[in-house]
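Next come the chains, spelled out residue by residue.
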Amino acid sequence: MIAIEAEGLKKRFGNVEALKGVSFKVKRGETFGFLGPNGAGKTTTVRILTGILKPDSGKARINGYDVVEETLKAKQSIGVLPEVSNAYPDLTAWQNLMLVASLYGMRKNEAEKRTVKLLKEFGIYKRKDSKVKGFSKGMKQRLMFCMALISDPEVVFLDEPTSGLDVMSARMIREKVLELASDGKTVFLTSHNMEEINMLCDRIALIDRGKIVTIDTPERIKAKVGGNVAVEVSFDKPVRLPRRLNAKKLGDKYIIYTTAVHETICEIVDYAKKNNVKIVSIDTRTPTLEDAFISLLEGTK
Amino acid sequence: MKSLMKSLAIAKKDVLMYYTKGPVVIFGILLPLFLFLAFSVGRSLPLNFLIAGLISMTVFFASTSVSPAIAPWEGQMRTLERLISCPIDEKTIILGDIIASMTFGVSISAVPILIGVVIGLIPSNPVVLLLGIIASAFCFSCLGLLFSAYPTNLPSTVMMISSLIRFPLIFISGIFIPISEMPEWSRILAYLSPLTYFTDIARYSFDLMPAFPIYVDLLVITAFSALFLALAVELHKKAIYKRI
Ligand SMILES: Nc1ncnc2c1ncn2[C@@H]1O[C@H](COP(=O)(O)OP(=O)(O)O)[C@@H](O)[C@H]1O
Ligand SMILES: [Mg+2]
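For the protein sequence lines, the chains are Z and V, in the order given. Residue numbers for the first sequence follow the numbering used here, so the first one is 1 and each next one is one higher. Residue numbers for the second sequence follow the numbering used here, so the first one is 302 and each next one is one higher.
Take the hints with a grain of salt, since some may be wrong.
When the alpha-carbon atoms are kept at most 27 Å apart in a straight line, the in silico BS3-like pairs for lysine-lysine are as follows [stated by the list, open to error]: (1) Z:K224 - Z:K249; (2) V:K322 - Z:K73; (3) V:K539 - V:K303; (4) V:K538 - Z:K54; (5) Z:K131 - V:K313; (6) V:K392 - Z:K73; (7) Z:K59 - V:K543.
Calculated from the structure, these hints are not laboratory results.
Put together the whole structure using the sequences plus the hints.
Set out below in structure tokens:
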């Protein structure tokens, strides 16, 4: 079953083409990461999928409901944590949650039970009767997360949920994402934090300047860098490594992605001997998502 | 039914959020009171004429001060995106805002009525007066929504727009001069203001000669409400998405 479906989404703001035809499908129960640099079009995509912006062209469906034609039905099955948004500052945490519960059409006692459960789970139950304006950023974000989950939605959208948070709150939010996944919920998570996406997501879409660059599992994306090992080497003076090594210069280091570790290192050592340069450091590691990200985005330039 | 419950939830949020905001209190309660004193002190007008005028002015200012403030504030506080990602349509939001705004107008009308009672003036037609207050509080709340149809997130801009419209209306609606004593040209303007018809009802409730039959007043107020409401829904449907 498909939970989220985007088909050729385009959106323009004045002369900025924010989305240039974005398509993907998210299966039910999947945690889908939407990764891209600032301004790539992540928030615009989320806003279209959650019925807040209308696309200029293209279609989007949530659980089969068209987000433009059947907005209310589509919205009823989702929970949203927008990127920049606030709870009502003059309302208490409790009142904010009860408001959202009523707007989802929940009955009062059902809403109250759910509110107590969520506030306890997120560690803000003790502050339930305090006005939100006195909350720290982390507490506000936890409350916003509770508001996204109040209706026990099948599909949850989280737009950069941990960005700018304290370590504890960010960790709590990541744990909750894993819990949602194990409860069989569909999660759409945007981030520019690779480690977070790598840790939490089943599949990733890489977006850059309004276009999807690739969609795959974190492991397969990492494999796309052209080798299963990254060799990092630095020398005591500037060098020109043989072209065939296909080395990328990063600061004073060179990175070589390879499947033949032994041959590569021997070649580096031979080169150093022949050219009378000294190796200052040499290291091998598995390529990270960031490596993949850099080399894939380079390919689109 | 479900959608009415949702509107009520929105109205409750509005009450908690906006009734105590500075500009709402100042422009909705204090200003009409001072304005009224400034224009009536020193003129030898009958007390029942004054109280009727004060009631209509208070209902007008109070009902038009909450509804236009909501949209720009929600945009500025960034609560709007959260709100509209819930499964509700624009009409439900607008109806909730109107309920909150008219409730404010109806409640505040108790102040001038009580002032009247204290100085010994009791409305001879309390039912008609109450009906008039409710109908016109609804009408003025819809009018107030038109002030915030321009998609800005600056509450001060909306307050300025609404003052530009509210003040002239006060002077052409027969509050300080009965329309029977107006020159021809300003009487035509008076017919175009919904406030004229509510002032007429208030006068009638305090044993003054109304300019129109009461049912005409109520019908015209209802017609204005329908017009303002339809316009407000149409305009806010577009404006709301420009505020995020
Ligand atoms: N409401 C808007 N008005 C004008 N430009 C916008 C608006 N929203 C987004 N943009 C532009 O669209 C592009 C994509 O933005 P966004 O979707 O917010 O990116 P991301 O969330 O990936 O950082 C950016 O260039 C941004 O400046
Ligand atoms: Mg964003």
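Legend entry - Hints the structure fails to honour: Violated hint (a single one): 2; every other hint is consistent with the structure.
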